[in-house]
Structure formats: C-alpha cells, structure tokens
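Each chain, written out:
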Amino acid sequence: DAGVIQSPRHEVTEMGQEVTLRCKPISGHDYLFWYRQTMMRGLELLIYFNNNVPIDDSGMPEDRFSAKMPNASFSTLKIQPSEPRDSAVYFCASSLVLGTNYEQYFGPGTRLTVT
Amino acid sequence: AQSVTQLDSHVSVSEGTPVLLRCNYSSSYSPSLFWYVQHPNKGLQLLLKYTSAATLVKGINGFEAEFKKSETSFHLTKPSAHMSDAAEYFCVVMSGTYKYIFGTGTRLKVLA
Chain B
131 DAGVIQSPRH
141 EVTEMGQEVT
151 LRCKPISGHD
161 YLFWYRQTMM
171 RGLELLIYFN
181 NNVPIDDSGM
191 PEDRFSAKMP
201 NASFSTLKIQ
211 PSEPRDSAVY
221 FCASSLVLGT
231 NYEQYFGPGT
241 RLTVT
Chain A
390 AQSVTQLDSH
400 VSVSEGTPVL
410 LRCNYSSSYS
420 PSLFWYVQHP
430 NKGLQLLLKY
440 TSAATLVKGI
450 NGFEAEFKKS
460 ETSFHLTKPS
470 AHMSDAAEYF
480 CVVMSGTYKY
490 IFGTGTRLKV
500 LA
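Going line by line, the protein sequences match chains B and A. My numbering puts the first residue of the first sequence at 131, with every later residue one more than the last. My numbering puts the first residue of the second sequence at 390, with every later residue one more than the last.
Hints are not guaranteed to be accurate.
[As the list claims (entries may be wrong)] Among chain B residues calculated to face chain A with C-beta under 7 Å, some are: (1) Leu173; (2) Glu233; (3) Pro238.
[Stated by the list, open to error] Here are the simulated lysine to any residue pairs, SDA-like style, with alpha carbons at most 25 Å apart: (4) A/Lys488 with B/Glu192; (5) A/Lys431 with B/Gly172; (6) A/Lys447 with B/Val227; (7) A/Lys488 with B/Ala197; (8) A/Lys431 with B/Tyr232; (9) B/Lys154 with B/Gly229.
[To be verified] Which chain A residues face chain B? A few, computed with CB under 7 Å, are given here: (10) Tyr418; (11) Gly432; (12) Leu435; (13) Tyr487.
By construction, these hints were calculated from the structure, which means they are not laboratory data. Quick reminder that beta carbons are idealized off the backbone N, C-alpha and C, glycines included.
Chain B with its partners taken away, still in its complex shape (with noise of 0.2 Å):
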C-alpha cells in the first residue's frame, strides 16, 4: 500500500506566482481532506471532498485558494497568485468511512515557501 501521495515535496515560489499542489489518495478511498500547517495557527482545515465533491470549503482562506478534484485518485490544490503569508505545509489525507472506521490517512505533505 503506497499510502498517500503528495507532490511536490518541496516548493519554493515567489511571490504573484500560480503554486498547484497534487495529492493521491489511498485507492478505494471516498474522502479527501486538505490541511495547512502553520506554527502561528496549527492544522487547519482548507476543504474537503467526498466521492470527489466538494463538501465543505469554509476552510479556503481566500479566492486565491481553490481545489479540485476531478476523478477519485487525483486531486489538486491551487494558489493564484501566490502570497508569502501562504508559505506553509499543505497536507492532504483521505478516509474511508465504513461502520467505526473512518480515520484519516495523511500523506508527507508539500512544504511551500513563498518568497
């Protein structure tokens, strides 16, 4: 099981630029969740998706931040343009909710520096 998968591990941009940040989920999953990690804030929650719908973006900072998910085993989150204050780490997990199992699965994250 390869787990969730991000890409890019690392990315360093400047400021104004278009950032697209690419998470697979674990096969067989229904949902897909996007967090950011900041020292200042902790684990937020930017928006997650289930059976590859948006459910709830109420977590998306700004309309610079949107994300899609176009079929189950692919999803991307983009930034445009791109901001200082966005440099964080991006995580993206997926679940699969079945009875009590419906824990997360977080993949190694993207670590974005925004000059």
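Chain A: place on chain B using the hints.
Just chain A, lined up with the frame of chain B:
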C-alpha cells in the same frame, strides 16, 4: 461544537520513564477521538482511536489512552519512553461530518 485542549505544549521525560500527554475534549455527543504523532518533517501517523467501544484503547508502539467521560479526558500514556518517541503529538476530535478538529499539539522530548 466540538473542541480539544491539549494541556501541555511541551513535555520532557527521561528515557525509560512513563509518558503522559493530556487531552480534554468538549462534545455535545459521544465523541470519536484520536491521537496522531508527527515526527520532524513527516506526515501525521495514527496512534490510536476511540469510537465508543472499550474505554481503554491500545495503539501502536506501546501507547494507550483511556476515555473518561466524567472527566472529559482522553490522555495518552506509555509505560516507558524511548528516544524514538520524541515527536509532536496531536489529540483530535471528529465532528459529525467526519471533519477533524485538532488540538494545538504537545511536543515530547525524551532525555537520554
């Protein structure tokens, strides 16, 4: 609304001594609770979960946690700390819509 409070931001223990990481929760109904561990520059790994079955939950790497409804607590323990346990630990409560609400984390330091 659900919430969790991790009572200590940092905990230091000597190798071979017990570990206690404290977590209190708030929930309007029977909660689902989790502990995750994050090693430096790594993702989060599930240690254990409570989903209204046994109140004493055993997890990986010798960790366990006890759900105490009367105290609204879900403290994480380990009888004997190992150097490899040094990491950040997160207590999590899950809302009814499968959303996780994270505590602020406890950084565990293990002294040789």
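(message) Need the list of violated hint numbers for this structure, in ascending order.
(response) 10
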